[in-house]
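Asker: Sequence:
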Amino acid sequence: MYTELTVGLESYKLRLTTKTSISLEKALGYNPLMLLMKIDAGEMPKLNDVLIILQGMLQAYHHGMNIDKVYDLYDRYVESGKTMFDLIPVFVEVFENSGYISKSAPVEGDEKN
31 MYTELTVGLE SYKLRLTTKT SISLEKALGY NPLMLLMKID AGEMPKLNDV
81 LIILQGMLQA YHHGMNIDKV YDLYDRYVES GKTMFDLIPV FVEVFENSGY
131 ISKSAPVEGD EKN
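For the sequence shown, our numbering gives the first residue as 31, with consecutive numbering after it.
Treat the hints loosely; a few may be bogus.
[Claimed, not checked] Have a look at the derived ranges for each label pair, beta carbon to beta carbon:
id, residue 1, residue 2, range
1, Lys133, Lys43, 25 to 31 Å
2, Tyr91, Glu55, 16 to 22 Å
3, Ala71, Leu39, 19 to 25 Å
[Claimed, not checked] List of simulated lysine to aspartate or glutamate pairs, EDC-like, C-alpha gap at most 16 Å:
id, residue 1, residue 2
4, Lys43, Glu126
5, Lys76, Glu126
6, Lys68, Asp79
Keep in mind the hints are simulated off the structure, nothing from the lab.
Note that beta-carbon positions come from the ideal geometry of N, C-alpha and C, so glycine has one too.
All chains should be modelled from the sequences, with the hints used to inform the complete structure.
Answerer: This is how it looks when you write it as structure tokens:
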């Protein structure tokens with residue numbers, strides 16, 4: 031299970047493995063899921079933290095994606111009209127697919143017959 035991120039004409043598969051999750055906790059000093067909790071509390075996330083998490087999410091399928099390549103990827107993402115906050119729903123889906131949180135329950139009235 032993975033989440034797809036499209037930047038320009040390229041697609042990237044995102045997933046967090048257990049090993050990568052532990053590495054991210056060590057690098058950030060907190061659980062990556064805390065990023066969402068901070069945003070919910072009105073705190074602006076650090077771009078560095080967002081990009082470190084993105085790099086971790088890329089590792090399962092894109093092994094050679096070092097931080098400099100992630101910076102370039104993010105620059106292309108922004109040049110395509112996206113913002114750091116456009117990554118947040120993508121991160122939520124990755125957290126769901128990686129077992130951090132339960133899949134979002136359907137919103138009432140949003141159910142398909």
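Asker: Work down the list of hints and note, for each, if the structure agrees.
Answerer: Verification of the hints:
Here the CB-CB span from Lys133 to Lys43 is close to 18 Å, at odds with the stated 25 to 31 Å. Roughly 21 Å separates the CB atoms of Tyr91 and Glu55, a value that falls within the hinted 16 to 22 Å. The given range of 19 to 25 Å is broken by Ala71 and Leu39, whose C-beta atoms sit roughly 37 Å from each other. Between the alpha carbons of Lys43 and Glu126 the distance comes to roughly 14 Å, so the proposed pair stays at or under 16 Å and holds.
Annotation: proposed proximity of Lys76 to Glu126 is violated, straight-line Cα distance about 22 Å (limit 16 Å). For the hint linking Lys68 to Asp79, the alpha-carbon distance of about 12 Å falls within 16 Å, and the restraint holds.
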